[in-house]
Amino acid sequence: MVSWKVIKKVLGRIKKYWFFLALSIIMAIITVASTLYVPILIGKAIDYIIGVNNVDFENIKSILFTIGVFIGITALSQWIMNICNNKITYHVVRDIRDEAIEKIQQLPLKYIDGHSYGEVVSRVIADVDQFADGLLMGFTQFFIGVMTIIGTLGFMLMINFKITLVVVLVTPVSFFVASFIAKKTYMMFKLQSETRGEQTAFIDEIIGGQKVVKAYNHEETSIHQFDEINEKLQKYSLRAIFFSSLTNPSTRFVNSLVYAGVAVTGAISAIYGGITVGQLSSFLSYANQYTKPFNEISGVVTELQNALACASRVFELIEESPEVPDKPSAKRTIQVDGTVDLDNVFFSYVSDKKLIENFNLHVKKGQKVAIVGPTGCGKTTIINLLMRFYDVDSGKISVSGINIKDMTRNALRSGYGMVLQETWLKSGTIRDNIVMGKPDATDEEVIAAAKAAHSHSFIKRLSNGYNTVIGEDGGGLSQGQKQLLCITRVMLCHPSMLILDEATSSIDTRTEVKIQKAFDKLMEGRTSFIVAHRLSTIQSADIILVMKDGHVIEQGSHKELLAKGGFYKNLYESQFAK
Amino acid sequence: MKRILMYLRGYHKECILAPLFKMLEATFELFVPLVVSAIIDIGIAGQDKGYIFKMCFILILLAIIGLTCSITAQYFAAKAAVGCATGLRHHLFSHIQSLSFSELDTVGTSTLITRMTSDVNQVQNGVNLVLRLFLRSPFIVFGAMIMAFTIDVQAALVFVAAIPILAVIVFGIMLITRPMYKKVQAGLDKILAITRENLVGVRVIRAFNKENEEVRRFKQSNEELNHLQKFVGKISGLMNPLTYVVVNVSIIVLIWIGAIRVDAGTLSTGQVIALYNYMSQILVELIKLANLIISVTKALACANRIDEIFGVQSDMVDGKIDIKKQKESAAITPIIEFKNVSLRYRGGGEEAISDINFKVNKGETVGVIGGTGSGKSSLIGLIPRFYDATKGEVLIDGVNVKEYTQESIRSKVAVVMQKALLFKGTIRDNVKWGKQDATDEEVMKALEISQAKEFVEKKDGVLDAFVDQAGKNLSGGQRQRLTIARAVVGQPDILILDDSSSALDFATDAALRNSIRNMTPSPTLFIVSQRAASMMHADKIIVLDDGMVTGIGTHKELLASCEVYQEIYYSQFKTKEEK
Chain X
1 MVSWKVIKKV LGRIKKYWFF LALSIIMAII TVASTLYVPI LIGKAIDYII
51 GVNNVDFENI KSILFTIGVF IGITALSQWI MNICNNKITY HVVRDIRDEA
101 IEKIQQLPLK YIDGHSYGEV VSRVIADVDQ FADGLLMGFT QFFIGVMTII
151 GTLGFMLMIN FKITLVVVLV TPVSFFVASF IAKKTYMMFK LQSETRGEQT
201 AFIDEIIGGQ KVVKAYNHEE TSIHQFDEIN EKLQKYSLRA IFFSSLTNPS
251 TRFVNSLVYA GVAVTGAISA IYGGITVGQL SSFLSYANQY TKPFNEISGV
301 VTELQNALAC ASRVFELIEE SPEVPDKPSA KRTIQVDGTV DLDNVFFSYV
351 SDKKLIENFN LHVKKGQKVA IVGPTGCGKT TIINLLMRFY DVDSGKISVS
401 GINIKDMTRN ALRSGYGMVL QETWLKSGTI RDNIVMGKPD ATDEEVIAAA
451 KAAHSHSFIK RLSNGYNTVI GEDGGGLSQG QKQLLCITRV MLCHPSMLIL
501 DEATSSIDTR TEVKIQKAFD KLMEGRTSFI VAHRLSTIQS ADIILVMKDG
551 HVIEQGSHKE LLAKGGFYKN LYESQFAK
Chain G
1001 MKRILMYLRG YHKECILAPL FKMLEATFEL FVPLVVSAII DIGIAGQDKG
1051 YIFKMCFILI LLAIIGLTCS ITAQYFAAKA AVGCATGLRH HLFSHIQSLS
1101 FSELDTVGTS TLITRMTSDV NQVQNGVNLV LRLFLRSPFI VFGAMIMAFT
1151 IDVQAALVFV AAIPILAVIV FGIMLITRPM YKKVQAGLDK ILAITRENLV
1201 GVRVIRAFNK ENEEVRRFKQ SNEELNHLQK FVGKISGLMN PLTYVVVNVS
1251 IIVLIWIGAI RVDAGTLSTG QVIALYNYMS QILVELIKLA NLIISVTKAL
1301 ACANRIDEIF GVQSDMVDGK IDIKKQKESA AITPIIEFKN VSLRYRGGGE
1351 EAISDINFKV NKGETVGVIG GTGSGKSSLI GLIPRFYDAT KGEVLIDGVN
1401 VKEYTQESIR SKVAVVMQKA LLFKGTIRDN VKWGKQDATD EEVMKALEIS
1451 QAKEFVEKKD GVLDAFVDQA GKNLSGGQRQ RLTIARAVVG QPDILILDDS
1501 SSALDFATDA ALRNSIRNMT PSPTLFIVSQ RAASMMHADK IIVLDDGMVT
1551 GIGTHKELLA SCEVYQEIYY SQFKTKEEK
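Listed in order, the protein sequences are those of chains X and G.
Residue numbering for the first sequence follows our numbering, starting at 1 and increasing by one per position.
Residue numbering for the second sequence follows our numbering, starting at 1001 and increasing by one per position.
Hints should not be assumed to be uniformly reliable.
[As the list claims (entries may be wrong)] Below, simulated DSSO-like cross-link-like pairs (lysine-lysine); rule was C-alpha separation at most 27 Å, straight line:
1. LYS235/X <-> LYS1002/G
2. LYS1230/G <-> LYS9/X
3. LYS1298/G <-> LYS1320/G
4. LYS1324/G <-> LYS1402/G
5. LYS1424/G <-> LYS190/X
6. LYS1183/G <-> LYS87/X
7. LYS211/X <-> LYS1424/G
8. LYS364/X <-> LYS103/X
9. LYS211/X <-> LYS1453/G
10. LYS396/X <-> LYS327/X
Because the hints were derived from the structure by calculation, they are not lab data.
Chain G with its partners taken away, still in its complex shape:
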């Protein structure tokens, strides 16, 4: 709520003018029954045709003024609402860009996307409606009441009694149904989930002949949803009949009182008609108001959800040192050092890695091996500071990574992640992510290193060949090679391959490692893999088991001393040994 106001601040003028013009329009609308009453009491009673024409001219004039005011109001309201939503989206997007990996993990991608799209749209609708109608409807309701008072105090008391009753009905029904609508939404989510499961798991469902059971499961949830919807419908369907009854009963009372007052000479017939018209106006506005309140509560709920995202603040404080200005590490200082490092993910129970110690010298090739969930990705995620170590420190060139600016670390350290993710655009666009001003030669060079040159050259347009969203039009292996090209194009000092050649066959994988090793200047290389073959020739292999280091050394050393490594190695090379 506060936040919406903040974004509306730039639209002071519009926010004041829109409701103002709406109220002007409403005011003119309130004059209409008075004019009609004058036509009846003066024009008809006095048989004055000229007067009638004059009054009708006034009616038309009122309509024209109403139209002008209303259009002006709509314009300002639309401008403010759209402007507010645009600002909100911009800040939300920037805010999301500032979140660190930990926050992204906890909030979740799909949540962020719905907040950015449908929630912001709902807020825009809400703001637009509020500016247009929120003042207008109550204004007409109370305005009609006040006008009634100016006609006749006693008759106006009927309004005083009717309006609260109407308010209770409208708000009461809304209060009752709102939690139910939430349940309906949850029911809908449930059948959505089942539908999705059925599509994703179609092979398994058919392999196990579970089709009928799945249909049954769906029908059951669908039936539950159906009952809920009908129940909510029954209650919210009461709104119109009930308000209709209250308004019309009030009209009956009005006419009865009017009759008595006319009989006594305190009211004219035209005035009774005016009172009756005011009551009708109230009914129309109330229906609008009810719809408005529904949209506004929806918009507020969305605004709150957006606010929650703004409330998520990155707890990673950016350092100040620019790593590029740091002196080249002397031969004695290791380029990377882990000192008693532990990492516990937010919301995750046990430590993902515990008490890790190792040093890596410049230009070395380091293998990281271990089973599923042994903490390989967690370990390398600390180097570019995707996550902060919960205990101990990670040093690059002898300085804690927390001291550096994140931007500078990430230009020094390139990570190729397990999930090969590309973006919509050309192949060139995608590779240039790693170095924005890369020339075509540099791009081609990177493609050559990553063993992607051959297939890229076969594509129509070569570097201009189009990559669909997420690289859907490429095979898994092609995508992996492009993500590697993206990483090497910037000639990073430290290159981390996180199980990023899993889709490559062994020959390509070997050629890839070879060409990276031959890069000049040659980067310090981390290879994370489950394949022992990928790292047999590394200077150093770190063996992880259940978050702990169980051995560090060369292939030979480990084969002699490290039990876990032996097990991994022999499980993959057993048959060869047996020969």
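With the rest of the complex left out, here is chain X:
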């Protein structure tokens, strides 16, 4: 079974904390043993209370004193056990999360692009959390439960065999009842969670698009659709909740039967002197305790299954194969001279959908390469390959004459400065975000870069200037401001080569011109790759790559391409069409 593998993996991660695990087990044994011993002692004490003027106070006193000691032991061992279990659980969870984040850094872009962020995040956060809950419950309840059952059986056998038999025979009924109900309710829970999922998706969609809903007077219709799902959910929820809530009363009922059985057999044996009244009272208190762990275990088993399912989802992420590691012989630093060569490059995202075929490109130092084409034509693909976010299927890409697979990714990437259309800022101060590429930059350098990128004036106006803390993904900044910050970040680095992927799409054209000037100055004599839709940028490029449907269909300078009279000419002329 799959879950055995998962259990093995979980155990492998617990191994580090074997000391606490051992301590926890010892404490659990002590807790159970002394918890179970107390009713026997109480029974003994009761046996010394025989009747009027027939009470053995001396013995009672010493028994009560012993009980006191055992209570102390139970409480202490229980607390230590709790602490151990907490420690193991939370440490294991922390370790798994650390593993997960490390893996995320090594995953190929293909994986990250192919999975929704929400899904990966929920594996690292929600699934791990669920797993922690299950693990903790498993430790505390499952373990104690099993021990209690064994212990109780032992103690009962010590007192009386026949009555024990009654308990042993009737108790499993409770277990069967519980699992029977669980099985029956499983379907109803499934229906409920499916409907709930449907409703959440609907809410997510409609409220996420609330402005469109309002703009098209769609409120009534959405309420109507919502109510349909809502009523369906009401029906399924009621069933699921009601049937699952039968578990407790039913098992309690079985428990009561056991209790009655013990009472009758016990009382009859007491008449024949088989057991004392005190022993009967111990028995009754066992009968009460004995079925409880059965119920708990059946609850814990579902909880544990759930936890294992969650764990397996996290492990899936952790075990995802990482990027091809850098070769051991890979160069750690390279002297970038600005030449980039692509020779016979083949690449596709999915093997049955060919994309880039036998692509050749030779960029000399200081050349400006523009990539143009209609939306969705795969301009970003080239960038993915240049930065080695994806590996080419065949052929080779060389920078400064060295195959990029023969240098570390770090070495390659630090040669480039990159600004993407999708801006990304991390939570932290403005300054933190700017100095990402050059952590030791001085304030003067930061301000100079900001001035060049025309972000200085708006940063200055923020409440704390460069020390203003911005939230996740830029928080209160406008899209254009975010892009300016990303540009500042690259301005600061003085990269040897530059990649701009529609980097100025959210910035107004006037500012764009100014930034372009700054870039031009920055890039003097340096190689740059620019994805753009603005003609002025394109026309001044040394090489223009025209892409369509993922393929590079034309390549050349502006003049050459116009003369060729192909797709580019069309594209160029359409911009000025009426």
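Given the structure of chain X, go ahead and fit chain G onto it with the hints provided.
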């Protein structure tokens, strides 16, 4: 809290019956120790087997009655809880539908979604548990105490002393840990945020070789969370051992007192056992009660958060005039007029647009151009009354938009927003948002105008082709064209394109503008864009800069007189001019 009660009002019967049956069940449970005590004192002492069997029969009978009562109670509780949650969800959803753009901006989408889903579920659980257990547990605790009094007053005083101590322990630990659990949640949120950042920004992180630093940052927050969790665990782990000690010490005292009383002849052995059983029952119930209180406080916190949403009321008062019944504007009245209009967003510092004045005649094409943050979207958002002007007035057909019903304005004015958002369903479903009773011909016509016909016809199922949530299975350009089709299908009098062709190449963009202009009847058209090429042929171009109008006129006029327009234009067409 009040609100939950409001939704429970429809479930009077269930709300009374559920706890009632629970209490009945508890009452029968309280009889059990008495029966056992009778078995010992009368049955065993008197060697009366018949009596013992009779008593056991009573025990079984009590169990059956208990089971019946309990199942009945569970049913009513589930019905009331689920009904309450369903009602709550319905009203919450309707309420959200009534909020205006300003409120949506301030509350935020993700907040609304969690309120609607997980918070309502928590409330449902809470209500269910309360109906089932809230009366039962205290009832058993105090019932056991009262039963103890009926057996022996002096021995029962032990209960009087033990119960408050137990209450202090249970509530004390909960009070201490509750704020800590909030901190744990905040810690969890933090590592969630970092994980998300790492996924969203994976390219940038790798481009800057920041992988190790990010791992370090994550580990640090993870470690903080770990410490908090362990600390909270230590304290809440005290609950069980402490209650165990109190209950068992009470039992020791009970037996000691019992021994003395039996010796003096005021109590029987069976009665001592009964007292001891009552004390054990209290322990079991207390543990349940503690769990219950945790769920209830959670549910209450969720209920409060839901209440906050209900507290957000739209400040936009709907007008009364139906715009469709309004007379067609005569040639002299402009279809749209802005008089000294300013807009300041709620919570936003400066005015987004200030003192805007212009008139637009029916059938005109108006371009709105300006840099990022110059107020283009703010300006056009006032026409369909997405927002209310903070100063001045916006008139349609000579009447302030506030006088019209919102529904009628929005059927007259169609806006294609910057973000091309589609919904799960077929292409037909999506286009029909603009006109619910549109025929297939009308839909096809709209697709043709929006230049979407070609790609739609290539799809499997054509109009029945499926669109995923948010239109994920379509490209950006396809989505934009479908949102435009959605807007034109209703043949609006006023059509606003808010930078909604940014993903289209220039040729398609031009063809699109052409076909809209050729629509009959031809709508009054607003084109918001950063591209001068998109509006060169407009009747009127409004140039915005930093929230102010810096020029209104035709392309030629502006090129001659408006500095900002010149700058924009030349930045885009420079090379052509140079030729």
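Hint check:
1. Restraint check for LYS235/X and LYS1002/G: satisfied, since their Cα atoms lie roughly 25 Å apart, inside the 27 Å limit.
2. At most 27 Å may separate the alpha-carbon atoms for a hinted pair to count; LYS1230/G and LYS9/X meet this at roughly 23 Å.
3. The suggested pairing of LYS1298/G with LYS1320/G is violated, with an alpha-carbon distance near 43 Å, which exceeds 27 Å.
4. With a C-alpha separation of about 15 Å, the suggested pairing of LYS1324/G with LYS1402/G holds against the 27 Å cut-off.
5. Distance hint between LYS1424/G and LYS190/X is fulfilled; the C-alpha atoms sit about 23 Å from each other, no more than 27 Å.
6. Restraint check for LYS1183/G and LYS87/X: satisfied, since their Cα atoms lie roughly 18 Å apart, inside the 27 Å limit.
7. For the suggested pair LYS211/X and LYS1424/G, the alpha carbons sit about 16 Å apart, so the restraint of at most 27 Å is met.
8. Restraint check for LYS364/X and LYS103/X: not satisfied, since their Cα atoms lie roughly 37 Å apart, outside the 27 Å limit.
9. Annotation: proposed proximity of LYS211/X to LYS1453/G holds, straight-line Cα distance about 26 Å (limit 27 Å).
10. Of the supplied pair hints, the one linking LYS396/X and LYS327/X holds, its CA atoms being roughly 15 Å apart against a limit of 27 Å.
Violated hints, listed in ascending order, are 3, 8; each of the other numbered hints is respected by the structure.
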